[in-house]
Amino acid sequence: MLSLYRGYGRVAWVALGLAAFLLVFLALPILKVVFVAFQDPHSGALTLLNFADFFGAALFQASFLNSLYVSGMSVLLATLIAIPLAYYTTRFNFEGAVLIQTLGIIPLIMPPFVGAVAMVLLLGENGSVNLLLDEHFGFTIPFMRGLNGVILVESIHYFPFILINLSAALNNIDRAMEESAQNLGCHGSRLFRRVVFPLAMPGYVAGASLVFIKVFDDIGTPLLLNINNMLAPQAYLRISSIGIADPMGYVISVILVVFSIFSLWVSLLAMRGKDYATVQKGGGGLARRDMRPWEKVVCYAIIIVILLFVLSPHLGLTLLSFGTIWSFSVLPDAYTFDHYLTVFQSAFGYVTNTLLYAGIAAGADVVIGTAIAYIVLRTGLAGRKWLDYIAMGALAVPGVVLGIGYLRTFHDFQVPLVDKPLASWWVIIVVALTIRRLPYALRACMAALQQVSELLEEAAENLGATKARSVRRIVVPLMSGGILAGFITSFATASVELSATIMLVSNESDAPLAAGIYEFMQNAAGRGPGAALGMIAVLIVGLGTYLSHVVIERGKKSREATSIVGEETAT
Amino acid sequence: MNTSEPQTGGVVIENLSLSFGANEVLKGVNLDIAEGEFFAFLGPSGSGKSTLLRAIAGFGPTPKGRILIRGQDIARLPPWKRDVGMVFQSYALWPHMTVRKNVAFGLEERRVPRNQIADRVNAALDMVGLRDLADRRPSQLSGGQQQRIALARTIVVEPKVLLLDEPLSNLDANLRIQMRREIRELQRKLKLTTIFVTHDQEEANTTSDRMAVLDQGVIQQVGAPMDLYDRPRNLFVATFLGTANVIRGGPETVDGRPAFRSAHGALFPLAGDGPHGDARHLVIRPQNVHVAAPGTAPGPDAAGGDTALEGRVDHKEFLGGVVRYGVDVQGDMVLVDDPHSMGHAVFEPGDAVVLSLNPRHMTLLPG
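Protein sequences appear in the order of chains V and Y.
Numbering-wise, numbering that gives the first Met the number 0 puts 171 at position 172 of the first sequence, and it's gapless, one number per residue.
Numbering-wise, numbering that gives the first Met the number 0 puts 366 at position 367 of the second sequence, and it's gapless, one number per residue.
It should be emphasised that the hints constitute simulated quantities derived from the structure, not laboratory data.
Beta carbons are placed, not taken as given, at the ideal position from N, Cα and C, and that holds for glycine.
Watch out, some of these pointers could steer you wrong.
Derived pair list, reagent style SDA-like, types lysine to any residue, alpha-carbon separation capped at 25 Å [what the hints assert, rightly or not]: (1) Y:LYS80 to V:THR378; (2) Y:LYS80 to V:ARG468; (3) Y:LYS63 to V:GLU453; (4) V:LYS384 to V:ARG553; (5) Y:LYS100 to V:VAL475; (6) Y:LYS100 to Y:VAL111; (7) Y:LYS100 to V:VAL256.
According to the in silico footprint, chain Y covers these stretches of chain V (three or more CB under 8 Å from chain Y) [stated by the list, open to error]: (8) 308-315; (9) 447-460.
Partial pick of chain Y residues on the chain V-facing surface, computed with a CB cut under 7 Å [to be verified]: (10) PRO78; (11) TRP93; (12) GLY105; (13) ARG119; (14) VAL328.
Chain V on its own, in the form it takes in the complex (with noise of 0.2 Å):
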């Protein structure tokens, strides 16, 4: 298809900035990263000393045992609480199927972080819980005491992604795979073993890989609830207090990258070659029943349990932003709008920040993202993969390691005109939120591009419009619902992330939102207006959320309605 006169030439062009641009802003920081973790920080030789250093320090050790054990529990945690959940909806014609949905999307629109020192007050040590536990039964739980608290918090958060994969995984079994077993004689707890848990495990290791992860590369969340001997936050700690030219943060950051890698490795190998979709037509799901009341009965109490946990975060701070003086005590003294007005006075930088930043880089990701799509997808040019896979590779890059990679790349490259180094401009926070999002957007992109047929194009062709003007008139007009609900998701991601910006930001003025809440919260007269700020937040996520599933459940329709433009078949 490599041909000169298609007009590949103007293509190239572009796809060798964006190939620039990628290896500039992710694979050269990252490249550096790596570099410096096994360079002798004096005489700058090659050296695995860093790595001794590091394991022999038994702070380092127990921040390593620490991120494994607290990653591993969540995972654990957050099985307990999707299993259940997945399994009511897709074994039982069950009424509260909504209530179900709505608890896999609550916590998603709250980051961890947001959340953290408002269920300590809920559920710490001298929280609302425990002190009428305390009074009314003598005794207390130990929810948030030291790693429990960051378990429980994440695991809050993240069990959605295993509930999502799971109901997939068990939804794409057809009954007939149910129905053969039993008809060959295969029953009870042998059907389950032998056919529904292997049909639905890919998802489930899909989905636990990806809570793995997220719970190992975090930073906000142990930071707010104070604890620091974990991987990530000693990462940020050790660059922000001893300085860049440390080596234990490049070490980390290589741990931390490494174990993305295999833990997104690991998903892969699972669903390598076992995209289990096997509905047929007519089909659909596994058989469902109705439950016996007593059934019912424990149904209910589960999962009011759940969503009370899952509440909680938010309940907590909705309180802590209305409250005034809220400390050991089931409630607050008394309410009040101050936090807010605070915030709007005095802290609102952070929101119209944020709103730039975050708009810019969901902007730049959606073009990028289209732009991409459109090259692998629809040219022939040589290495136009290499595209999708480096930007796909920032999905393996935990947002403080970027951080860190762009302080060290970029902190004696001063921008011109500004005088600034380019690692402490507040254009490079857009641009880490930018990679970060890519991944999302790009994929977002390429399910709409792949939604349009190529022939729509060819028609456009055939009638005179060159392939600029088929892509401007044709396939963007097409893409549009896809580009976005891609913008929306990487507008509301990016406005709550915290890792790679927390260590991007020089001065306040230039911090946003994640950054402020973070700030705020360090200490106790903050959290009122913290908490402020974490309710807008979780409404500008929250909203995101709502809007990007308007689009697609939009797009959806229209699709349905012109599927004959979809159905043509290459002879």
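Given the coordinates of chain V, assemble chain Y onto it according to the supplied hints.
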């Protein structure tokens, strides 16, 4: 629409070859399609007929060889500079535009003044009888309506050549017959050189002035539908265009007259006296063989020196208009179509029959 002076032109294809990677899908294609002709590419799937059509439009890999329209080689031009209108198999109407916007698209790209665009779009919609639907979206139209809009969208730009890629394959049987008449009528009115790709020989037969039969990237034969049917040049064309008896054997001279001896021993006297040295197959269509009970007079062509062959009915299929018999003639299976009418004699498997064949209906093909 300006139909008085056709902009159309003939298409000459010279030594065109095309590969998808290592897979050569067109091998040295040569064709000369006359101005105003309705020409069909007929072939089974995978024969390269759609690839050839798309190469004329400028889609797919760059071919080797030349494609001349009115003498100009367009083989290296981008699709948007070729001025050949293509109607896609799936119609490829743009779902985000109304019917009117779809039809106007090509004119807008050609920078035609606005007022003229409106007039020409209306004229094109009138031509396909769908002006009432101008403000609908493609998704609100039936398959046949979408087909007409796709046609209107293409002819409104007055292309030099009209390309139709299996345009009827997504329609149901009745609509297909109606649409192929409409397309043929429109083509006559516009006097537009038209190339039509199909795998359906009935479609090719009923619409085209001439057709090219393709197989495995090679043009097997070019000609008027009836000529190809009656005088196939090779076994592929003979068997692809309808049912044919193919009897293997070789030439022989019997009593100084040319004849064909089947591998199983049956003897078929041949017409004329030319040499048939390389003949290895004898082809005759079932409807050119007549069947009768032994002892009764041979079929209607008896006067023309028919050959009579004795055989035994092996099987019988009632096809509606005809009864098709499989008759065993000394080990060769000969299919015979006997026109069916009420009360006409019917033979049963095992019956002895006499077949009569006219040498002029036979085609001899080399191995």
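Violated hints, by number in ascending order, as checked against the structure:
As far as the earlier hints go, 4, 7, 8, 13 and 14 are violated by this structure, in ascending order.
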